[in-house]
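**Q** These are the residues of each chain, in order.
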Amino acid sequence: MRDKLFHIILLVVSMFVPLVCGGIIYSLVTDAYMAFEHFGLVNFLTSTDWSYTPGNEQYGALPFITGTLLTTLLALLFCIPFSMPVSLFVGEYFKGTKLAATLSTVVDLLAGIPSIIYGIWGFFTLRPIIMALNISPQGSSILTASLVLAIMIVPYASSLSAEFIKMVPNDLKESAYSLGATHAEVVRKVVFPVAGSGIFSSYILAIGRALGETMTVTMLIGNTNHMPHSIVSTGNSMASVIANQFGEADGLRLSALIAIGLVLFVITALVNGVGKLLIKRARID
Amino acid sequence: MESPIITFNNTCISYTKGVMAVKNVSADIARNTITAIMGPSGCGKSTLLRAVNLMHNLYDNIHVSGQILFNGQDILKMEPIEVRKQIGMVFQRPTPFATMSIYDNVLAGYQLNGIKLSKAEKDETVERCLRSVALWEEVKDVLTKKGTFLSGGQQQRLCIARALALKPEVLLMDEPTSALDPIATQRIEELLVELQKEVTILMVTHNMGQAKRISSNSLFMYLGELVEQGSTVQLFDNPKDERTKAYLTGKMG
Chain A
1 MRDKLFHIIL LVVSMFVPLV CGGIIYSLVT DAYMAFEHFG LVNFLTSTDW SYTPGNEQYG
61 ALPFITGTLL TTLLALLFCI PFSMPVSLFV GEYFKGTKLA ATLSTVVDLL AGIPSIIYGI
121 WGFFTLRPII MALNISPQGS SILTASLVLA IMIVPYASSL SAEFIKMVPN DLKESAYSLG
181 ATHAEVVRKV VFPVAGSGIF SSYILAIGRA LGETMTVTML IGNTNHMPHS IVSTGNSMAS
241 VIANQFGEAD GLRLSALIAI GLVLFVITAL VNGVGKLLIK RARID
Chain B
286 MESPIITFNN TCISYTKGVM AVKNVSADIA RNTITAIMGP SGCGKSTLLR AVNLMHNLYD
346 NIHVSGQILF NGQDILKMEP IEVRKQIGMV FQRPTPFATM SIYDNVLAGY QLNGIKLSKA
406 EKDETVERCL RSVALWEEVK DVLTKKGTFL SGGQQQRLCI ARALALKPEV LLMDEPTSAL
466 DPIATQRIEE LLVELQKEVT ILMVTHNMGQ AKRISSNSLF MYLGELVEQG STVQLFDNPK
526 DERTKAYLTG KMG
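Chains as they are written, first to last, in the numbering used here: chain A, 1 to 285; chain B, 286 to 538.
A couple of the hints might just be wrong.
Think about it this way: if two alpha-carbon atoms lie no more than 27 Å apart in a straight line, the pair counts; the simulated DSSO-like pairs of lysine-lysine are [stated by the list, open to error]:
(1) K173/A with K430/B
(2) K189/A with K536/B
(3) K280/A with K430/B
(4) K98/A with K166/A
(5) K173/A with K280/A
(6) K452/B with K280/A
(7) K173/A with K401/B
(8) K173/A with K431/B
(9) K362/B with K173/A
(10) K370/B with K173/A
(11) K430/B with K401/B
(12) K407/B with K173/A
(13) K452/B with K189/A
(14) K452/B with K407/B
(15) K404/B with K362/B
(16) K189/A with K430/B
(17) K452/B with K404/B
(18) K530/B with K452/B
(19) K407/B with K189/A
Bear in mind the hints are in silico, worked out from the structure with no lab data behind them.
Model the full structure from these sequences, guided by the hints.
**A** As structure tokens, then:
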């Protein structure tokens, strides 16, 4: 009897989370509907106009989709040269040493820093450097945002990668050594292939983090609504345009912002889904 | 008697300073034989075995002293990579490289050492090695499949083939059948008896029956010391040391 009661309570409580999730999707879709209906789905996704002149409102999401994908891609590229060595340092070369423990603690600390702090650091430290180097006149750009974003995602990519690198069985590595391999060859031909799918999954996680990051990007990207013409031009990401404009928006504009939110949600879900599928496949082989 | 292929000369191994895991071991390993190293858990038999291909060099805390002569040359003064190409090793658990095909697994030693082989040489090596471990007939049609698809016994034979591919003079085996079922174990034992014609086998085993069945010489270790050594028949039938006798009769261990 008590078992049954417990089952029912368990069921009801665990259904609560998917229910909330469903509710979020439902309200996103209903609120975004006006924009999709007004501009058409394809047109909304491919248009680069963003003008809120009364009487001639034009809202297209392409500049922001581009901004998000570009910042994420660049952040990933800038992140790899730092996260990969860290994960090898912690997971293989200095595995189990005090030095490795200290390094991984410090790197993990990065993950705990609130994004507003990264934003401030980027705004007052990195932006003047970008200006001084004459890369971009105001210092705010897609590049600036990507650089800070890269630092933010290093701990996500490196600590999980290090865990997977650590998990490569010792006797497998010793087998390669027993065949006359050097440490570098063991890393390249045994550690990376064996930990590969795991390392991949940690980068997917990092991408997921970068796609939705709002505060830092908003502070550094320049917040312009036109299509970025290069990586040093200003722009807006999907998250940053919403954060910037939701307070003053209503009607069609608000609906367009919510529609962008829905698109961001779908892209994030797709990235995670595809990533998980690839990991699964990599595991079976 | 032909000169021994390996000679331990006062070999001592310690994991922590001052604590000896292997104490002053001196022994000769005869060419083209199977020599078994026996003893209860923690007696240092695996530690001694792993010293022969300089596995201990991978770990900073392990210290090996004395001499280990390989064809008269002191291994401890040689380059680990050179030693390991001539002295192969097979581990307790089968360790095929999961991301490589059966074919590539056999050739892994060449690939890891950056030695380029022609297609014909590769095919020849793969077939020769897989035949010598009696695996060729079973896998010749699935060479491109991953090695991890094979059964445990097949995987272990694949690992032996991989070690043999580099044509080593000595094969070190660390309890190579302890993770296998009796039938797979029997096949490996038969294989080793055949293989001793081309390679000297030094094998750690927990399994006294196995040592008795296939080895010609045995070393018995206890708490880091080499207690007794000699022909396996003599060691089993007429052990000189009380500790050997106690272990072999199951009174200790």
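**Q** Could you run down the list of hints and mark each one as holding or not?
**A** Hints, verified against the model:
A threshold of 27 Å between alpha carbons decides the hint, and for K173/A with K430/B the separation of about 21 Å falls inside it, so the pair holds. Simply put, K189/A and K536/B have alpha-carbon atoms about 46 Å apart, too far for the 27 Å limit, and the pair is violated. This hinted pair checks out: K280/A and K430/B have alpha carbons roughly 18 Å apart, not beyond 27 Å. Distance check on the hinted pair: K98/A and K166/A sit about 15 Å apart at the alpha-carbon level, within 27 Å; holds.
About 24 Å separates the Cα atoms of K173/A and K280/A, which keeps this hinted pair within 27 Å; it holds. A threshold of 27 Å between alpha carbons decides the hint, and for K452/B with K280/A the separation of about 38 Å lies outside it, so the pair is violated. Restraint check: the Cα-Cα separation between K173/A and K401/B comes to about 22 Å, which is no more than 27 Å; the hinted pair holds. For a cut-off of 27 Å, the pair hint linking K173/A to K431/B stands: about 18 Å separates their Cα positions.
Distance restraint check for K362/B and K173/A: the Cα-Cα separation of roughly 23 Å lies within the 27 Å cut-off, and the hinted pair is therefore satisfied. The straight-line distance between the Cα atoms of K370/B and K173/A is roughly 15 Å, inside the 27 Å bound, and the hint therefore holds. For the suggested pair K430/B and K401/B, the alpha carbons sit about 22 Å apart, so the restraint of at most 27 Å is met. For the suggested pair K407/B and K173/A, the alpha carbons sit about 23 Å apart, so the restraint of at most 27 Å is met.
For the hint pairing K452/B with K189/A, the CA-to-CA distance comes to about 21 Å; that is within 27 Å, so the pair holds. Annotation: proposed proximity of K452/B to K407/B holds, straight-line Cα distance about 14 Å (limit 27 Å). Between K404/B and K362/B the CA atoms are separated by roughly 36 Å; this puts the pair beyond 27 Å, and the hint is violated. Between the alpha carbons of K189/A and K430/B the distance comes to roughly 18 Å, so the proposed pair stays at or under 27 Å and holds.
About 18 Å separates the Cα atoms of K452/B and K404/B, which keeps this hinted pair within 27 Å; it holds. Among the hinted pairs, K530/B with K452/B is inconsistent with the structure: their alpha-carbon atoms are about 37 Å apart, more than 27 Å. With a CA separation close to 19 Å, the supplied pair K407/B and K189/A stays within the 27 Å bound.
Violated hints, listed in ascending order, are 2, 6, 15 and 18; each of the other numbered hints is respected by the structure.
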